[in-house]
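In order, the protein sequence lines correspond to chains E and Y.
So that you can map any letter, position 223 of the first sequence is 223 in my numbering, and since no number is skipped, the others follow by simple counting.
So that you can map any letter, position 151 of the second sequence is 1151 in my numbering, and since no number is skipped, the others follow by simple counting.
Wrong hints could be hidden among the right ones.
[Said to hold, decoys possible] To spell it out: a stretch of chain Y is covered by chain E in this simulated footprint if at least three of its residues, at any positions, have a beta carbon under 8 Å from a beta carbon of chain E; those stretches are:
{"id": "1", "segment": "1241 to 1250"}
{"id": "2", "segment": "1260 to 1273"}
[As the list claims (entries may be wrong)] Some chain E residues close to chain Y (C-beta under 8 Å, calculated; not the full set):
{"id": "3", "residue": "Gly-36"}
{"id": "4", "residue": "Phe-39"}
{"id": "5", "residue": "Pro-42"}
{"id": "6", "residue": "Leu-65"}
{"id": "7", "residue": "Met-99"}
{"id": "8", "residue": "Leu-108"}
{"id": "9", "residue": "Lys-112"}
{"id": "10", "residue": "Asp-120"}
Since the hints were made in silico from the structure, they are not lab data.
We put the CB at the ideal spot given by N, CA and C, even for glycine.
Residue-level listing of the chains:
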Amino acid sequence: MSEAPLLEVTDLVKHFPIKSGILIDREVDQVRAVDGISFSIPRGQTLGLVGESGSGKSTACRAVLQLIKPTSGSVRFEGQEIAGLSRRQMRPLRRQMQMIFQDPYASLNPRKRVGQIVGDPLKRQKVASGSDLRKRVQELLERVGLASEHYNRFPHEFSGGQRQRIGIARALALQPKLVIADEPVSALDVSIQAQIINLLDDLQDEFGLTYLFVAHDIGVVRHISDRIAVMHNGKIVEHGTADQVCEHPADDYTKQLLAAVPIPDPRESRERRQGAGAAG
Amino acid sequence: MAIDPQPEALAAGGPDAAFPPAPEGVSGERGPWYLAYKRFIRNRLAVAFLILFFLIIVFVLAAPLWANNVAHTGPNQSHTLEKLHVNGEVHEVVTPEGRPIGPQWFGAGGKFFLGADSRLGRDEMVRLMYGGRTSLFIGVVSGLITTIAAVILGLLAGYYKGWVDAIIARTLDILWSLPVLLFGIALGVSLAVGGLKIGPLTIEGGSIWIPIFVISIFTVPYIARPIRGEVLALGEKEFVEAAIAQGAGSLRVMFGEILPNLASTIIVFFALNIANNMLFEAALSFLGAGVQPPNSSWGTMISIGEELLTTQPLLAIIPGVMILMTVLSLNIVGDGLRDALDPRSKVRLEARAGMVEREGASV
Ligand SMILES: Nc1ncnc2c1ncn2[C@@H]1O[C@H](COP(=O)(O)OP(=O)(O)OP(=O)(O)O)[C@@H](O)[C@H]1O
Ligand SMILES: [Mg+2]
């Protein structure tokens, strides 16, 4: 590892205050959504971030991208510290890091056409305009498995899987280096999940993308991740190569996650459950 | 490192088989607006009242035509001492006892179609048309001012939250809790007497801009509060975050991402607000705090007509019916628009009401 990692996160913390009070808000407690996590992702690789619902995965993604201000900790992108940068300071960097959102329904503006949704980042960052813009957007749509005629449609005309493809096209429009995919398939049917994961995998090879790939199901990230980090209650409880984590889990929580993965072979499934039960 | 948990699914037909293009004949341009239009057109009642509203607009716009070509008089022209020839008979426009002539329909060639008003023997029909212009103008213009101000305030409060929201929301609460009519009357009367001077802007005492401003200010909370609630909810949506993740600034997010989603709320509230403002104007004018003489509005006409309610009831009833029809049509059209633009609005409105209550309790 001679080259510096594309993304390096150190001791990242995000606490949400719980306020109460009648006239003046008093901070009575904190939700420790992300409680000191560290990881790094080398260029071109994929880190799978796994954890149950509420373990702080989405909060971690947002804090990395500075969509919410981290409470403390460091986020280095290409060696540059971005934690605590203002929205204005972040703007030029946004091109290089994009996010695919968890909810394909809430993440597309229902009042905008697909062409605008995918094309706006290009226009906003002054990458393309006019007929050039339209051509680029249509190429992107085709690349993610949609048709160029979908340009003028509204999001409500699409299925969940198609919507997630629109979200992927939007994230790729600016040709980012880092893509943070926050449970990109958990809202989709199992049969469609595989297609989207394969698409993301192909796009990674084609554009040399670096992924932070979030899932609550360890089976989803197992095959595309180089390394896997397991998150529980805001902390990373296990971190290693994909094979290490899946074959020789050290942490009890990881074993539970592995036991929850649906396995086609009932015999193997039973054995696993017994194994996890014995360990826990 | 390629993964294929279910290779058959892909091999079977590729992405195109799994995501067939939308059914044939579905136009790519079929947006939410088109669907809303279709739903509105199916609502017979709302369409009928929309037509009625347009007829009222045509009626008041035709005022100069009627005045010049049929009645041959102006809205403020007095005919107290004149005599009128109707079917060979001669009538005084106002009798020496002060009793004005009743409706003549076309008996005098359209002159005094609805009779004369009590004090100055002015042509009631001409005044009704010009008064309608004033009433509608005040309703629409104050509706525009209110809506624009309310949308901006609601966007700022709901988007920035924190102290911006605290200031705006509290101010709106105060306005909301004032006895609006009393304050409107007090403000209207004092301004009507003294006029208004803000820097280079001077407004004469009798100007109709005074009731417009009074009405605009007091009705802002009625729109700003629901807009704020909606912006708070929309601000949590991931598409807002997505826009920020692409480098959109606050103004872009507010006006480019959130505002289009408020369009249906704005349109509905605008229609209802015009109706509301016209009632407000009528009340102010009736009480002498709105439109000042010699200008007429439906409210002032009711006020003047009321003096002869026992002998010439039509003088008060006709402008009253005009207000009623206009307000009713705006309300029904507004409800129709709401149903058409957002079929789930009833559920949402209830949810929103609950949310506002909870917020109010927590702050
Ligand atoms: N804006 C916020 N204010 C207060 N608490 C929050 C906020 N956002 C998240 N949390 C809390 O932080 C914790 C972690 O939430 P987060 O959304 O990061 O979980 P997640 O791992 O992404 O879960 P899921 O799989 O359901 O998406 C939760 O307990 C949540 O309630
Ligand atoms: Mg999440």
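Min Cβ distance, Met-99 of chain E to chain Y: is it shorter than 8 Å? Since the shortest Cβ distance to chain Y is 5 Å, the answer is holds.
Would the stated hint for Lys-112 of chain E survive a check requiring a Cβ distance to chain Y of less than 8 Å? Check passed: Cβ of Lys-112 of chain E comes within 7 Å of chain Y, closer than 8 Å.
Restraint check, 8 Å cut-off on beta carbons, for Asp-120 of chain E near chain Y: holds, 7 Å
If you take the shortest Cβ to Cβ gap from Phe-39 of chain E to chain Y, is it below 8 Å? Phe-39 of chain E check fails; min Cβ-Cβ to chain Y is 19 Å, beyond 8 Å.
Min Cβ distance, Pro-42 of chain E to chain Y: is it shorter than 8 Å? Not OK, violated: Pro-42 of chain E not within 8 Å of chain Y, min 14 Å.
Given Leu-108 of chain E was flagged as interface, is its beta-carbon under 8 Å from a beta-carbon of chain Y? With a closest approach of 6 Å, the Leu-108 of chain E hint holds.
In terms of beta carbon proximity below 8 Å, does the segment 1260 to 1273 of chain Y have 3 or more residues touching chain E? holds (count 3)
For the hint on Leu-65 of chain E, just tell me whether its beta-carbon gets within less than 8 Å of chain Y. Holds. Min distance 6 Å.
Under 8 Å is the threshold here; is the Cβ of Gly-36 of chain E close enough to any Cβ of chain Y for the hint to stand? violated, 24 Å
For the segment 1241 to 1250 of chain Y, do at least 3 residues have a Cβ located nearer than 8 Å to some Cβ of chain E? holds (count 10)
Violated hints for the displayed structure, listed by number in ascending order: 3, 4, 5.
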